[in-house]
Amino acid sequence: MTQTAGAPAPTTVATAPATPAVPAPAAASARDLTEDVPRLLNRLQVLAVAACVLFGALAAILQVLSWQANGRAADNTEQVVRVQQIQSLLLRADAVATNSYLVGGLEPAAARAEYDESIETVLRLVADAAEAQPADRRVLADLNTAISSYTTSVAQARDYNRQQLVIGIAYLNDARTAMRSDVLPITEALADANAERATDEMGGQSPLWLLLAGAVALGALVVVNRQVAQRFHRRYNVGLVVAAVIVAAVTLATAWHAQSEHNDNESLQAGEYAAAVDAASARTAANNAKAIESLGLVNRGSGESVYEPLWQDQAEIVRDTADALTLMDWEAYVEAHAAIRDADDGGDWDAAVALATDTADGSATALLDQVDASAALEAETNGAQAAEGFRSGGSFSLVLIVVTGLGALIAAFAASRGIGTRRREYA
Amino acid sequence: MRRRLAALGLGLVLLAGCGGSDDTVVPEPEAAPAAPAAPATTEPCENDGSQVASYDPGEGSVDGAAVERIRERGRLIAGVAADTYLLGARNAGSGVIEGFDIDMVNAIAASIFGEAEGHVELKVITAADRIPFLQDGTIDIVSRNMTVNCTRWQQVAFSQVYYAAGQKVLVGSDTGIETIEDLADKRICAPAGTTSIDNIQTIQPDAIPVSSTDNSACMILFQNGEADGVSTDDTVLAGLAAQDPYATVLKTDVLSPEPYGIATNSDDVDLVRLINRTLEQMRRDGRWQESYQTWIQGPLGVAGVQPEPVYGR
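Taken in order, these protein sequences are the chains called L and A.
According to numbering that gives the first Met the number 0, the first sequence is numbered sequentially starting from 0.
According to numbering that gives the first Met the number 0, the second sequence is numbered sequentially starting from 0.
Think of the hints as simulated: they come from the structure by calculation, not from any bench.
There could be a bad hint or two in this list.
[What the hints assert, rightly or not] Stretch-level coverage of chain A by chain L, calculated; a stretch enters the list once three of its residues show a Cβ under 8 Å from a Cβ in chain L:
#1 20 to 29
#2 89 to 101
#3 108 to 122
#4 212 to 221
[Unchecked claim] To list a few chain L residues with every Cβ distance to chain A over 10 Å, as calculated:
#5 35
#6 143
#7 198
#8 214
#9 215
#10 248
#11 251
#12 252
#13 256
#14 311
#15 324
#16 335
#17 340
#18 361
#19 365
In this text, a Cβ means the ideal position worked out from N, Cα and C, and glycines have one as well.
Looking at chain L on its own, in the form it has when it is part of the complex (with noise of 0.2 Å):
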C-alpha cells in the first residue's frame, strides 16, 4: 500500500534526538501532497546504505592495493640487489679471468675456483630472479644463453691458454666481446625495468584517494540527511549522524595511515634503496675497473692509451657511488693501480703484471677484494633494509582493512536503522 504526503506527521520519536520543529516551507507544503514518502525514504535508505557500503569497499579496495604495492616494492628492491649481483658478480668473474690469463698457461687454482664459483652464484640468482618475477622470465632465458656463451669462450680461451697456443686471447676477446654486447646489456635492462617498477610501487599509497572517497560518502549521508530533516522536522537522523561519523573516522584513519607509509616510502627510498643501488653500482664498477686494468696489459703497450680512459670512466662511477668505508679501500687500490700503470708505462711491462697478478695482502687484487667485499657488505644490508621497510606496516595495514568493512558495514547498518526508524514513524 501506498501511503501520501498527506498523511499526518508520527507524533512520537523512537531514536531522534529532542530538536526543534522546523516549519515545512509552503512550496514544500505543496509538494507534499502529491510525494509518495515511504518510496522516498526506501531510495534514501539505498543510497545511504550504497555509499557506506561502496565507501567501505573502495577504502579497501584502495588499502589493499596501497598493501600489496608496497609488498611488490619490496619484491622489487629485492630483485633490483639481485639482478645487481649478478652483474657484479659477472665482472668479477671477468676480472678474475682476465687476470688469469695474465699469469700464463697455468691459471691459479684459487682464481679457477672464484671464477667457477662467481658462475654458479650467477646460473643460482638467475633462477631465483625468474621465480620472483615472472616478467623477467623472457629477458633471464636470454640471459642464460648469453652466459651460457660467455663461459664457453672463456673456457675455450682457457684451453688454448694452457696449451700455450695464441688464439686463446682471441677467445678471451670474444668472451668479453660477448659479456658487455649480449650479457650486460640484459642485465642493465632487468636492473632498470625493476628499479622502475619498485619506484612505482612506492608511489603506491592513496591518502587522496581515500580522502575523496570519505568525503563522497560522507556527502551522500549529509544529502540524506538533508532530504529526511525536511520532511520529518528533525535536523539529524541519529543512524545517519552515526554512520557518517564512522566513515570519518575511517576516512582520516585510513588516509593518516596511507600518508605515513607514503612518508615511511619516501624516506626508504632516498635512503636504504638509494644506499643499496649506489653499493650495487660502485661494486660492478670496481670490478669492471679491475677487469680493464688486467686487459691493458693482456693487450701491451695499449694499457695507458686506450684502456686506462675506461678504468677512469669506472673510478667515477665507484668515487660517485660507493660509501664511506667503501670509498677509503678503493682509493687504497687506486694507489696500487697507478703503481701498476707507472710500471707499464716506464716500460717494465713484467714489474706491471707482477703488481697486478699478485695476491698478497697490500696488492691491488687484494685491496680490490676488500672493495668487493665492502661494496657488497654495503649493498645487501641496505637492500635487506629497505625490502623489509617495505613490508613492514603490513599487519597494522590489514587490521585497519578489516576495520574499515567492518566501520563501514556498521555504517549502512546504523543509516539503514537511522532511516528505517523514520520510516516506523511515518507508518
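Place chain A on chain L using the hints.
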C-alpha cells in the same frame, strides 16, 4: 540491489587482484653514430712497383734527429701484434712477445744501442692504430705485418721489403676443398675493411664473404663452424694453421702480393736508412734466414728468400 552490490564488490576485488608487471624488454642497441668522413689525406695512386722503393742507406745519414731521439730516450718503441702466431705473439708460458716481426725490432734496436736487451719497448697495437701512432709520435716504428703500398707512403715511410707475403686461403683438412674453384658456395672470412675478400671474390665470384674484426676472430668463426675458410696473408695463415691440427693452408699461387715493410714517421728518413742498413746486415750475417727458419719455414713449408732491396727515393 544486493546483486548489484555483489557485482560491484566482485569487480573491486578483481581490481585489487591486478598487480602484474609488463614484461621486461631489452632496448635495442643504439646505432653507432656515423663516423665523420675522414679528411682526404691521400691521393689516388697506382701500385706500379715503385711503392716498394725505399731510402738508400748509403746516400744519407743513418744517425739523424730520429735516431738521436731514440738514443736519448734509451729505448726503441715499436708497435707490434701480440696475437699473430709466428710474427708477433705473446708466449703464454713466458709472457714474452716473440716472432719474426719481433726479431726485426730487436735487430734494429741492436743497431742503435749495440744490444737490444733493455732497449726495446713493445706496444701492442691494432692494425688501425699503426699509422696514427706513427704520425703522433707514440711509437717509433711499426713491425706488424704491414703491407707497403703507395697510399700508405703518403702517410708514413717504409723500409725496404723485409718479407714478401701473399694472400692465401686456410680451410679445414679433409673437407674436399683443394683449389680456388672448390671455394664456390663456401663461406670465407676475412677482416672487415681489407682487400682480402675482394680478391677472393675476384678469383671465385661464387664464394660467400664473411667478415670479422680481425684474423683471429675469423679463426674463431672457422673453428666454431660459422665459416668454411679464412683468407689473409700466408704468414698469418701459417700461424693459425699451426694452432689447429684440423686446418690447412691451400697450396695455391698467392691471390695478391703483400710486401711487408717496417714503417716509420714520414720525417724519420734517417731511421728508415738505418733500418735498411740493418736488414742488409741481417742478410749478410744470416740473421734474417735464421729468424725465418725459426718462425716461418716449418709451418709455411717453403724455404725463405729475403727480398732484394729496391731504392730510389
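Subject >> Numbered hints the structure breaks, given as an ascending list >> reply: none
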